[in-house]
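Go by the hints and put chain B onto chain A.
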Amino acid sequence: MDAATTPEDRETLTLARVGVTHEGADRATPSDVSFTVRPGEVVLLLGPSGSGKSTLALAMNGLIPHAVPAELTGSIRVGGMNTADETVARLSTRVAMVFQDPDAQLVTGTLLDEVAFAPENLRMPVPEVLARSEAALRRVGLWERRAENPDRLSGGGRQRLAIACALAMGSPLLVLDEPTANLDPAGIEEVYAALAELVADGDRAIVLVEHNLDAAIGFVDRVVVIDDAGGVVADGPVGPVLRERADELHALGVWLPTATLAALRLRDAGYTLDPLPLTPAELRESLENTKTPAHPAPPPARTSQHPGTGASSDSIIRVRDLTVRRGRTPILHGIDLDVEAGEFLAVVGANGAGKTTLVQAIAGVVPPPRGTVRVGAVDPGRADVATIASQIGFVFQNPEHQFIAHTVFDELAHGLRRRGLDDAAIAAQVSDVLRRFGLEGREQTHPFLLSGGQKRRLSVGTALVAGAPVLALDEPTFGQDRARADELLHLLDGLHRDGTTVIVVSHDMQLVAEHATHVAVLRDGRMLAHGPTAEIFADAQLIAAAGLRRPPLASVFQNLPAHPALEGIVRLADLPAADTQPADTQPADARPARAEVAR
Amino acid sequence: MSAVDAVARTGTAAPPAADDPYAAAPPASAWRFLMALNPLAKLAAPLPAIIVLVFVRDLMTPAVFLVLAYTLILVGARLTARAVVLLLVAVPAFLLVLSLGFGVWTDASRISHDVVLLELGNWTLYGAAIETGLATALRLGAILALSLIAGLTITGPDLARSLVQQLRVPYRIGYTAIAAFRFVPRFGHELEVIRAAHRVRGAMDGRGPIVAARRRLGYVVPLLAGAIRHAERVALAMDARAFGAYPDRTERHLVPFRTRDVVFIVLFWVVSAAILWLLYPWGR
Numbered sequence: 355m356d357a358a359t360t361p362e363d364r365e366t367l368t369l370a371r372v373g374v375t376h377e378g379a380d381r382a383t384p385s386d387v388s389f390t391v392r393p394g395e396v397v398l399l400l401g402p403s404g405s406g407k408s409t410l411a412l413a414m415n416g417l418i419p420h421a422v423p424a425e426l427t428g429s430i431r432v433g434g435m436n437t438a439d440e441t442v443a444r445l446s447t448r449v450a451m452v453f454q455d456p457d458a459q460l461v462t463g464t465l466l467d468e469v470a471f472a473p474e475n476l477r478m479p480v481p482e483v484l485a486r487s488e489a490a491l492r493r494v495g496l497w498e499r500r501a502e503n504p505d506r507l508s509g510g511g512r513q514r515l516a517i518a519c520a521l522a523m524g525s526p527l528l529v530l531d532e533p534t535a536n537l538d539p540a541g542i543e544e545v546y547a548a549l550a551e552l553v554a555d556g557d558r559a560i561v562l563v564e565h566n567l568d569a570a571i572g573f574v575d576r577v578v579v580i581d582d583a584g585g586v587v588a589d590g591p592v593g594p595v596l597r598e599r600a601d602e603l604h605a606l607g608v609w610l611p612t613a614t615l616a617a618l619r620l621r622d623a624g625y626t627l628d629p630l631p632l633t634p635a636e637l638r639e640s641l642e643n644t645k646t647p648a649h650p651a652p653p654p655a656r657t658s659q660h661p662g663t664g665a666s667s668d669s670i671i672r673v674r675d676l677t678v679r680r681g682r683t684p685i686l687h688g689i690d691l692d693v694e695a696g697e698f699l700a701v702v703g704a705n706g707a708g709k710t711t712l713v714q715a716i717a718g719v720v721p722p723p724r725g726t727v728r729v730g731a732v733d734p735g736r737a738d739v740a741t742i743a744s745q746i747g748f749v750f751q752n753p754e755h756q757f758i759a760h761t762v763f764d765e766l767a768h769g770l771r772r773r774g775l776d777d778a779a780i781a782a783q784v785s786d787v788l789r790r791f792g793l794e795g796r797e798q799t800h801p802f803l804l805s806g807g808q809k810r811r812l813s814v815g816t817a818l819v820a821g822a823p824v825l826a827l828d829e830p831t832f833g834q835d836r837a838r839a840d841e842l843l844h845l846l847d848g849l850h851r852d853g854t855t856v857i858v859v860s861h862d863m864q865l866v867a868e869h870a871t872h873v874a875v876l877r878d879g880r881m882l883a884h885g886p887t888a889e890i891f892a893d894a895q896l897i898a899a900a901g902l903r904r905p906p907l908a909s910v911f912q913n914l915p916a917h918p919a920l921e922g923i924v925r926l927a928d929l930p931a932a933d934t935q936p937a938d939t940q941p942a943d944a945r946p947a948r949a950e951v952a953r
Numbered sequence: 312m313s314a315v316d317a318v319a320r321t322g323t324a325a326p327p328a329a330d331d332p333y334a335a336a337p338p339a340s341a342w343r344f345l346m347a348l349n350p351l352a353k354l355a356a357p358l359p360a361i362i363v364l365v366f367v368r369d370l371m372t373p374a375v376f377l378v379l380a381y382t383l384i385l386v387g388a389r390l391t392a393r394a395v396v397l398l399l400v401a402v403p404a405f406l407l408v409l410s411l412g413f414g415v416w417t418d419a420s421r422i423s424h425d426v427v428l429l430e431l432g433n434w435t436l437y438g439a440a441i442e443t444g445l446a447t448a449l450r451l452g453a454i455l456a457l458s459l460i461a462g463l464t465i466t467g468p469d470l471a472r473s474l475v476q477q478l479r480v481p482y483r484i485g486y487t488a489i490a491a492f493r494f495v496p497r498f499g500h501e502l503e504v505i506r507a508a509h510r511v512r513g514a515m516d517g518r519g520p521i522v523a524a525r526r527r528l529g530y531v532v533p534l535l536a537g538a539i540r541h542a543e544r545v546a547l548a549m550d551a552r553a554f555g556a557y558p559d560r561t562e563r564h565l566v567p568f569r570t571r572d573v574v575f576i577v578l579f580w581v582v583s584a585a586i587l588w589l590l591y592p593w594g595r
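Chains as they are written, first to last, in our numbering: chain A, 355 to 953; chain B, 312 to 595.
The hints are simulated quantities; they were obtained by calculation from the structure and are not laboratory data.
Given the structure is predicted, the values throughout are model-derived calculations rather than measurements.
Be a bit skeptical, because a hint or two may be false.
[To be verified] If you only want the chain B side, here are some residues facing chain A, beta carbon under 8 Å, derived:
#	residue
1	Leu470
2	Ala488
3	Ile505
4	Ala508
5	Arg512
6	Val531
7	Ala538
8	Arg544
9	Ala548
10	Ala556
11	Tyr557
12	Thr561
All C-beta atoms in this analysis are idealised placements derived from N, C-alpha and C, irrespective of residue type, glycine included.
Bound-form chain A, shown alone (with noise of 0.2 Å):
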């Protein structure tokens, strides 16, 4: 399409062979993208992880070339403005911007001030600044709260402050680069019902950047896919594009809708599912009216997945009456809960509900009362931390903060030094870990100046190295990309297959019914439920009670008396395959780790 041609009110946005090179990247991500945007349009850009949607999304309103440091090739025009030659601030009154992070996009100390922050820097009146910000307010809800500090508000009410301060600009184009990676289950469900009712009034463009499809699926007229190479491979309403080429996108590494991936599994394993269904209702509906295949593919043994159904008896890690204070605000009371050799236990719950506090006095690093915990034979309580990291290594969410050493080495040296260990068998040890996290070859380099993806994995070994056979990981998939995510999962199956001990605290529902054998599930400090990962998704009533939301597919197959087969599946994993397929189902699995290059 020829930019120059097309009427400027027809068009909102118009990317003519966009290519954007990073400093320091020896290629263009993405490479060649090119499609139009019309007014009140809602496209969602999908794509593998590192082909460059956030790049594109950041250089819709100009930050790429003019904030970020890298090259922009083709043209980008914005209502009538080429973005190479504006300002970013001139470009903002026709493409406003909702990011990843909430924290990070606040500048004033009340929601009010907020809003009005950008009329403010456009330099309208007061009455029209206060009655901009008033209508945005009001629009995502918060109107009510507009006295307050943000930091008083929820995620998710923080990310609904955020699509309030992009509405007050008043430009017809709103682009959102993954507004609920950072968000619980009940944040993510908060944004997307304020972005709905955006939708419904049908006022403004979207440009939509995410991963969870699920929650996006519902509203969104159309998808542009971009594939590795950076190019466009398919451009639609989403019907067509997703029913018709989900196997090709799958391949390519794009995230589908859970339901779709679930359908795609069926599929080969003879069911018939046509159209290919989009969403969990819609799953549902077609298998109510298929019947089971005459020779199905048997699901996999779903018990593989929980062993040390034994006694008690031999519980690893070992809870009794734990009570944990802040100050004088109790967080945990007393907590019982016993964790088996062997098990993959997710620790969820809302927000405030005590999860990282328990799993940070199981492993010591808020030493908890004497006697109320035991890992192994060691009291964390009341053991030294060489003998507790012997036990059981603890990561934290941001791998940074836990980095103490000037080189890879010796941050994998540090714990084996503590013990006494001589140079060689610290050596022996050392390059075992780094053979077994892929480090290879990076010893000598400082730790902050790995990629994410290697800082992740370094932080993960350092954990293990000194051999215990615990490790707990505090929210290790937040705020990441899909593909980081998945590649870090991968390495914690492969170590819980190697018989470690794995603990993670999540509010990813579907990451915790793919991976966790068993769930324990808190509410404001108390012990609500803990059992095995397929009993707990079971209790949509327990669920609920907890404030979280079931896994997309725990509905699906629950009463569904049409297959029998399939009764109480949350995990794909546990859906029937064809033979040939391989057992992991997440496009992500297929292709080598490449986060390195999602930046």
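Showing chain B alone in chain A's frame:
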């Protein structure tokens, strides 16, 4: 404009958090005149007295300024419980310790030996030594109290606004400073996490000031790395919201510089001059 703003701010549900530097101040009674003054006035008024006090050596001059500053703060400022404790307990205790400390450390050969307070073996504590210590402590106390006139009654964001509005500091700098106030609690939390992480890794166990200093140094790199990344993101978000589009921006929160501010500064200067003139030569 402030009236419009006041209307917009009514009907608030939740009380502002106590340590929230942005919280809108509830309307102050007429007595609390300090709260209604421009931050720059409260900084400028005590400045000459603070400078002169550095050179003062007697007891009377700092004592008078201390009383003046305390009177102004206790009458004119709306104080939190924490500030009252600071003023009535912490500062006096600090001054007491200082005067004793300075008294003991004063070189005995350079002072009068007329009054002997205490004799321990061949060491004597003279009255004049305590007097010197008290003078030094009072001087520091007076300077501190005069600074607290501004320190206890202005907020960072208001100061930044008046710097932009009265002193014509470019708004890009002033408002970046306002945004930076948000960083403080965030970094406090981050530092806590880093400390816990280093402790659990067993980084630099041991006691003593050198180990403690090296341990703190170890927190700097992760803290800075996080800070720079956060600052970059905030900067992008601000740019995306038209920050710096024009040389100036609409101001809803006016921090006016009014007649009362001029009156306050002039009165303060006149009173300061009168005290200094009456008490000259300030014990030198």
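Going through the hints against the structure:
| no. | hint | verdict |
| --- | --- | --- |
| 1 | Leu470 | violated, 13 Å |
| 2 | Ala488 | violated, 11 Å |
| 3 | Ile505 | holds, 5 Å |
| 4 | Ala508 | holds, 4 Å |
| 5 | Arg512 | holds, 5 Å |
| 6 | Val531 | violated, 12 Å |
| 7 | Ala538 | violated, 11 Å |
| 8 | Arg544 | holds, 4 Å |
| 9 | Ala548 | holds, 4 Å |
| 10 | Ala556 | holds, 3 Å |
| 11 | Tyr557 | holds, 5 Å |
| 12 | Thr561 | holds, 4 Å |
In summary, the structure is inconsistent with hints 1, 2, 6 and 7 from the numbered list given earlier, while agreeing with the others.
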